[in-house]
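*Asks:* Single-letter residue listing:
2 protein chains.
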Amino acid sequence: MKFTITRSVFLKTLNDVSRAISSKTTIPILTGLKLVLSDTGLVLTGSDADISIESRIDATSENNDLQIESTGSIVLPARFFSEIVKRLPENTMTLEVKDNFQTLITSGSSEFTINGLDANNYPRLPEISAPQPLMLNAEVLKQLINQTVIAVSNQESRPVLTGVHFVISGAQLMAVATDSHRLSQRTLDLEQPTTTDYDVIIPGKSLVELSRMLTDDIDQVELRIAENQVLFIIGQTAFYSRLLEGNYPDTTRLIPTSSTTTVEFAAPALLAAIQRASLLSHESRNNVVRLTLDVATQSAIIYGNSPDVGNVEEVLQFSALSGENLEISFNPDYMKEALQAFGQTTVEVAFTAPLRPFTLVPSEDRDHFIQLITPVRTY
Amino acid sequence: MKFTITRSVFLKTLNDVSRAISSKTTIPILTGLKLVLSDTGLVLTGSDADISIESRIDATSENNDLQIESTGSIVLPARFFSEIVKRLPENTMTLEVKDNFQTLITSGSSEFTINGLDANNYPRLPEISAPQPLMLNAEVLKQLINQTVIAVSNQESRPVLTGVHFVISGAQLMAVATDSHRLSQRTLDLEQPTTTDYDVIIPGKSLVELSRMLTDDIDQVELRIAENQVLFIIGQTAFYSRLLEGNYPDTTRLIPTSSTTTVEFAAPALLAAIQRASLLSHESRNNVVRLTLDVATQSAIIYGNSPDVGNVEEVLQFSALSGENLEISFNPDYMKEALQAFGQTTVEVAFTAPLRPFTLVPSEDRDHFIQLITPVRTY
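Residue numbers (my numbering), protein chains in the order written: chain H, 1423 to 1801; chain L, 1423 to 1801.
Think of the hints as simulated: they come from the structure by calculation, not from any bench. Treat the hints loosely; a few may be bogus.
Identical copies carry no separate label here, and so any pair may be met within one copy or between two of them.
Pairs of lysine-lysine residues, derived as DSBU-like cross-links and limited to a Cα-Cα distance of at most 30 Å, are as follows [to be verified]:
#	residue 1	residue 2
1	Lys1434	Lys1758
2	Lys1758	Lys1508
3	Lys1434	Lys1627
4	Lys1627	Lys1424
5	Lys1627	Lys1520
6	Lys1627	Lys1758
My request is simple: use the sequences and hints to build the entire structure.
*Replies:* As C-alpha cells, this is what we get:
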C-alpha cells in the first residue's frame, strides 16, 4: 500500500473519523484508525464499538489529489498518527506500508516510521440496507438533536432513558427524551412519507457526536435503520450507531392537555433572568428558584435565595398573562437548558398547578416542539 | 456607601483586581474583594497574600460615570460578586451598603442583596516609597518576563529557584532564571541609570500574572522595590508582590565563554522539527531527541525514537555550521520553550562537548539574551 495525498484533505477526513475513536476502549485495535486503499479511493474507519465512522476519499476527485501507487490496508495508532499528520512540514504527504506493518510517512525532509497493525484483525461494520432510506434536512436534524438531547438522562440505572426515542410513521418523525424530571419532544414532517414504520432508541451520546458533524456545508442526511444499528450517511461519510435495547416508556400521557395559567415570555430575556436567579440558587443546598404570577396586578417576579450568600428578586417582562395566580418553584438549570433550545423566539409557558409539570412551547408554532419541566416541592 | 457606575468600567477594574484573588486561600477574608469609596474615587483591592492588586476608578473622569451618593467601604465575596456584575441586565448599576454589611446591587428590574464583610478586617497593603522609581517600557518588560519565567523551577525544594533573579545596577537590569537543567538570562539597558542598586528574587507566578496585565494599551510601568515587596504601577493599578527570601546562586559562571561547534537555525523551522521529533520522544520513557552535526558533509539531522511506536528522522535546514562534528541528546521540551521565547529570529546554537551545556542566542543581538540547556547522557 502506497499513496501520496494533499495533507489538508487527508487531515479533514482523519479528523471526522477520529470522532469515533476513544483511547478508553477495552478492544486495543479500536484505538487504531483503519485505512483501506483500493483503485477507486481511500477509506478511513474509526470506531469505539458504539459509534463507527467510515469516510471515503475518492480517487477520481481532482481536489483530493490522491495518487495511488499500490493498494492495501493498515491500522495505525489513531491519536499518535493524527498528531504526526498535523505537524508534517509540507502540503503533500506520502504513506507507504513496508514489511511487518511498519509504515513510512514522509513529507518534505521529515521521515516517520511507525508500527501498524494488520487491518484483517479490525472488526467489520454491519451492512445496513433499507428498502426506502429517509432523507432529512441536515439543519433541521441538527436542531432536533440539540432540542431533545438536553432531556436525556445521564443515569445508567435506566439505560433506555440515556437515548432519544425516535418514532417514524407515515409522514411524521417524532423524537422525545426524558430523564423523568423534564421532557423534550420535537416532531417534524417528512418530505416523503415512509412506507415502513420505525420505533428505535438512539443513544444521546451518538446523536451529540452526529450533530457536531452536521456543519453548515451539509444539506441532506440519509437515514437507514436496521434491527440494532442506525446509519446516517452524510456525503462521503457513513456514521453508524448501535441502538439501545428495551422499551421506551409511553411519554404521550405525560404531556398535560389543559392549563389553568398561561404566560408568554421572550425566551432570551427570561433566560438571562433565570441565569441571574440561578447564581443564588447554585449557592444553596436545594437548587431552586421561585416564580410568582399575579394576574390581577399583572406581575411576574422571579426569586432566588441562598441563606449564606444573599438573595435576588427580579420583575420580569412578559405578555398575555391569564388564568389563575400561581407560585411555583423549579430547578433553574432545567429551565435554562429548555430556553436555550428555543433560541430567539417567544415561548408560551402553561401551568396547571404548583406541583404539576408545566410546559413550554414556541408561541409561533405550538405543534412541533414542546418541553415539560416538573416543579420542585419546597414546603 | 452608595454609588452608581457604568457597568463595563466597573467590570474591567473588577477583572483586573480579581487576578490576585484565589478561592484556595487560608485567610477567609481574602476570598473577598475590598471596595473603598472616597470623594475622589473608588478603590478596589484583591489579594492572595503573595500578590495584591489595587485599582482605582477616578471620580473626576467622565468616562467612568461614577456618581457618589455616600462614601464608605465593604468586602464582598469576589467570585460570586463578579458573576453578578457580569450578568446584570443594564449598562448602569448601583451598589449600596445597608445595615450589617448587607449590600444591595441593582440594575434595571434586578435586585441582588448579598452578605458583605467589614472592610476594617481586610489586611493592609505595605506602603512602598522608593527615592527613585524605575520606569520600564511595558512591552519590553513583558518580553523579559516571558523569556525568563520558562526556566523557573516548579520544585519547592529550592524556593529561590521558583523566582526570577533581578539585578539592577547602574544603567542595566539583568533578569535570570534557572531550574538547574536550563537557564535563561535577559538584560536590558535602562533609560535612566539607577542611583540605588537592587538584587531581588521575584516569584515566577507573580511575574506571569503581571505579564497578563501588560496589554497593548499600556506604555510604561513604574517599578518600586522595598525590603520584602516589589510594586509595579500600571496606570491606575498597583501590582504588589512579595519577594523570595534567600540568596540566588551565582549563575554567571555557568555560562560557557567558548565553544567548539556553532550552527545557526531559523527559530520557527527548528521549533517545528523539534515538535515533530518530540511526538516520538514523548512516547518513550526517557524523553530525549538526538541531534547530529557533520561539518564535512554540512548536514544536521534530528532523530526521535520510541521502541513501542516508531521513530522519526529529519534533515534540518541551517546556516553557518562550523567547528567539530557533534552528536548530542537533549530534552526536546526545554528546546521547544527556549525557541518559542526567541520568536521569528535566527538563533546561534553553540556547543562545547556532548555532555556540557549548550547555549542559544539571537544571531542579531548576542549580548542581551542567552539561554542554556544541559544535554542528557544516553549511554
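*Asks:* Quick one: which hint numbers does this structure break? Sort them smallest to largest.
*Replies:* Hints 4, 5 contradicted; others consistent.
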